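Q: Each chain, letter by letter, is given below.
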Amino acid sequence: MRKFIATRLVYTIITVFMVSLIVFFMVRLRGDPIAVMAPPTFSEEQVARMRTAWGFDRPVGEQYVIFLQKAVTGDFGQSIQARRPAMELVLERLGNTYLLSLTSALLGLVIALPLGIISALKRNSWIDFLSTVFASVGTAMPGFWLGLMLIIVFSVNLRILPAFGALEPAAIIMPTITLGVGMAARLSRITRSAMLEVMNQDYIRTAYSKGLNRRSVVVQHALRNALIPIVTIFGLQLGWLLGGSVIVESVFSWPGLGRLMIESINVRDITVVQAGLLWFALSFILINLAVDVLYVFLDPRIQYD
Amino acid sequence: MSIRKPATTAQIATLPGQVERAPWYRPVQRFLAALGRSPVGLTGFIIIVGIMLLAVLGPAISPHDPLDNNLRARFMPPGFANDSGVFLLGTDQLGRDILSRIIAGSKVSVVVGLVSVLIAGVIGVVLGLVAGFFGGMVDAVIMRITDGLLSIPFIILVIAISGVVGSGLVTLILILGLTGWVTYARVIRGEVLKVRSLDYITAAYAIGQRRPLIILRHILPNVISSGIILAATQVGITILAESSLSFLGLGVEATTVTWGLMLADGRQYINSAWWMTTYPGIAITITVLGAVFFGDWLRDVLDPNMRGRS
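Sequence lines, in order, name chains A and B.
Just so you know, we're using this note's numbering here: the first sequence kicks off at 1 and counts up by one.
Just so you know, we're using this note's numbering here: the second sequence kicks off at 1001 and counts up by one.
Just so you know, the hints here were simulated from the structure itself, not pulled from any lab data.
All of these numbers come straight from a predicted model, not from anything done at the bench.
Be a bit skeptical, because a hint or two may be false.
Stated by the list, open to error - Okay, the calculated beta carbon distance ranges per label pair:
no. : chain 1 : residue 1 : chain 2 : residue 2 : range
1   : B       : 1085      : A       : 91        : 54 to 60 Å
2   : A       : 153       : B       : 1030      : 43 to 49 Å
3   : B       : 1194      : A       : 14        : 22 to 28 Å
4   : A       : 282       : B       : 1272      : 41 to 47 Å
5   : A       : 299       : B       : 1034      : 34 to 40 Å
6   : B       : 1217      : A       : 197       : 35 to 41 Å
7   : A       : 74        : B       : 1168      : 42 to 48 Å
8   : A       : 14        : B       : 1198      : 39 to 45 Å
9   : A       : 282       : B       : 1078      : 45 to 51 Å
Stated by the list, open to error - Coverage of chain B stretches by chain A, computed from C-beta distances (three or more under 8 Å per stretch; other residues unrestricted):
no. : stretch
10  : 1044-1056
11  : 1156-1162
12  : 1219-1225
13  : 1240-1249
14  : 1262-1271
Note that the Cβ used here is the ideal one computed from N, Cα and C, for glycine as well.
Construct the complete structure from the given sequences, taking the supplied hints into account.
A: Rendered as structure tokens:
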């Protein structure tokens, strides 16, 4: 167990290192980042001065080492736009994105688990059919479009929910529904198929023949064993959730990391984009690490050596 | 779903030496027959073919010119009619016909969806084959790169890259293609590892076949079905990514007609013209739904192990 976690940690560190390489080279896809950063009005001399000031005239290897050294201490350089450390801007917005991700993930679970379980228990019933339709349409629908539809219904027509910002607590409702429905659609299918598989096992029959009622069989015996695939997909879909939050935050002007990223990309504020990318990746990597460790507790049979 | 029919007497009577060559249309026939047995697969197939027809026939069947401004008929609700005809789904802020623009926008979705998936698929399959077959250092490097790329949520990665590289249809296709290969490489590598040590590969070595030939003739055909299944699912994901990027103003040029840009326009006038945002979104949903249905069916047909799972 300890060895497993140690190996996983080593891999995690390698992955973070790879992400740092990607983030570093990504802004150099067009040669040197000055090409992206400098306003078109800059004269050649100004561009050259900017290049020296940012250290982009040094060898790429040296630039990367400096980037890495600074990144480890949380220093991604100054935001050109805000004239403040990029990391500071990112950390300010991070809480809002985590809050939105948390409420959406919870909403997703609250919808998907009962829906998946019921459609597995009542296979081929009308409720199973409806939940399949919900899952398919929910996966195929662009998340931001659902957000726009909610705005039309609840803000424009009914006028009961705020369409943007985060000034009042009710502002989180629509972004949460938008992301939560997508999450639920993705999770309900896997819940259904995991439950179907478990319900056919011998120990379920045994539990019934012991005289246990349906409720305790489903919750204590079936669901518990079906949780492993559900947790796997849940962890992976949190990546989708983080990605989706970028666009949904822009739709609802939710002051999170995603909206900061889009704003920074639009004004070519590269340091903020780099810091933001790294945070998104780091969050996702840690989620998956947590999922892997969680397996051991969910299924004592899993032995990692 | 594919229960083999018992061999007919004619087939049994054919001796091994004189195998009759099946006519060229036989695979097509079998494909359509299998499709006919699955309502979901058939629905997906019909949607995909329908959207492709829209993309190809576009100008011929669209009721108006998708670029035609008509400032006297701005923001007209669905069903509006004047002397230039009926505007079934209404008009936008410049009086352009929404239905015609949706038809014109299908082209971008189809082209981006198919071409970038093809690029991603080819790169991913090749790298997956190489990593799985040769193992060792090559494998480790390729897999660590995929680890890194997979830990940045796809859409965020694509958004950031297009922010740096710029917009445009070709650029967009290349970005989606060059970042989308990761999943294929992963899956194909896994499949290669399963196949690599099987007896028939050893046999191929034993009769002196060279490694490139073994990869192409013995390994590739046995792992490609996973790639095809994945590609069908990826088409939907790619179309969604394209519409998200265009919606954010990072995808194609602002003058191109795409569903994502139509949604971005619609968002500006969301208080007054609901039809501008509603219909392009429905178009995206139906298209992606088609790809999802078709992909699910393909998986059932091509991969018996995955049947019933999702």
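Q: Each hint: holds or not?
A: Hint check results:
no.	hint	verdict
1	1085/B x 91/A: 54 to 60 Å	holds, 56 Å
2	153/A x 1030/B: 43 to 49 Å	holds, 47 Å
3	1194/B x 14/A: 22 to 28 Å	holds, 25 Å
4	282/A x 1272/B: 41 to 47 Å	holds, 42 Å
5	299/A x 1034/B: 34 to 40 Å	holds, 37 Å
6	1217/B x 197/A: 35 to 41 Å	holds, 36 Å
7	74/A x 1168/B: 42 to 48 Å	violated, 35 Å
8	14/A x 1198/B: 39 to 45 Å	violated, 31 Å
9	282/A x 1078/B: 45 to 51 Å	holds, 47 Å
10	1044-1056	violated (count 0)
11	1156-1162	holds (count 5)
12	1219-1225	violated (count 0)
13	1240-1249	holds (count 6)
14	1262-1271	holds (count 5)
The earlier numbered hints that this structure contradicts are 7, 8, 10, 12.
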